[in-house]
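In order, the protein sequence lines correspond to chains A and B. Taking this note's numbering, the leading residue of the first sequence gets 1, the next gets one more, and so forth. Taking this note's numbering, the leading residue of the second sequence gets 1001, the next gets one more, and so forth.
Bear in mind the hints are in silico, worked out from the structure with no lab data behind them.
With a straight-line Cα cutoff of 30 Å, these simulated BS3-like cross-link-like pairs (lysine-lysine) come out:
no., chain 1, residue 1, chain 2, residue 2
1, B, Lys-1067, B, Lys-1056
2, B, Lys-1042, A, Lys-15
3, B, Lys-1056, B, Lys-1042
4, B, Lys-1002, B, Lys-1056
5, A, Lys-57, B, Lys-1067
6, B, Lys-1002, A, Lys-57
7, B, Lys-1042, A, Lys-17
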Amino acid sequence: GAGVSQSPSNKVTEKGKDVELRCDPISGHTALYWYRQSLGQGLEFLIYFQGNSAPDKSGLPSDRFSAERTGGSVSTLTIQRTQQEDSAVYLCASSSDRVKETQYFGPGTRLLVL
Amino acid sequence: QKEVEQNSGPLSVPEGAIASLNCTYSDRGSQSFFWYRQYSGKSPELIMSIYSNGDKEDGRFTAQLNKASQYVSLLIRDSQPSDSATYLCAASSGSARQLTFGSGTQLTVLP
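Make the full structure from the sequences, and use the hints.
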């Protein structure tokens, strides 16, 4: 079946602009995660959605970052007033089995802030 | 600070040999452990998951877990050049059961 999809695959923006990144999880998966992978920082957790529950935002690095998940499916990660240090690959993962917590990753969005 | 530590390598093995990748974790509350393979420019791909002490085999891959020692390993038998990639160890933790990743071990299998 279809895996996790993300768009755009690449995004170049200017410092100070806002960007929106989209994630479409595997159909039926109730859990959705956003991670960021940057050189020197590795892969780090950003935010977690489980069904219709309030999201776990404990990994968001600043209040410029926000995310929403509409209808328990598609999620959008928004970065306001982008900074050069926001340049990274943003990865989305989804999971269907919270007990076993197996997460499947999308292809990522490569963000470059000039 | 919950941490997952890996030897960053690089690790080189000849084709057909066994590659051994190791990982330690700090959070004793972690219940689930994963190995992901990541090719350059691609996203992580799940290779193995392990939840109980002992060994778990899947084809050429064997994952080993020792919760007392807080140690996870991955063995790749009959290594192939196509196995050349970065291998990420991850442990689930926190209220969201999010994954905490190690920095990855870069493996090169030499033909």
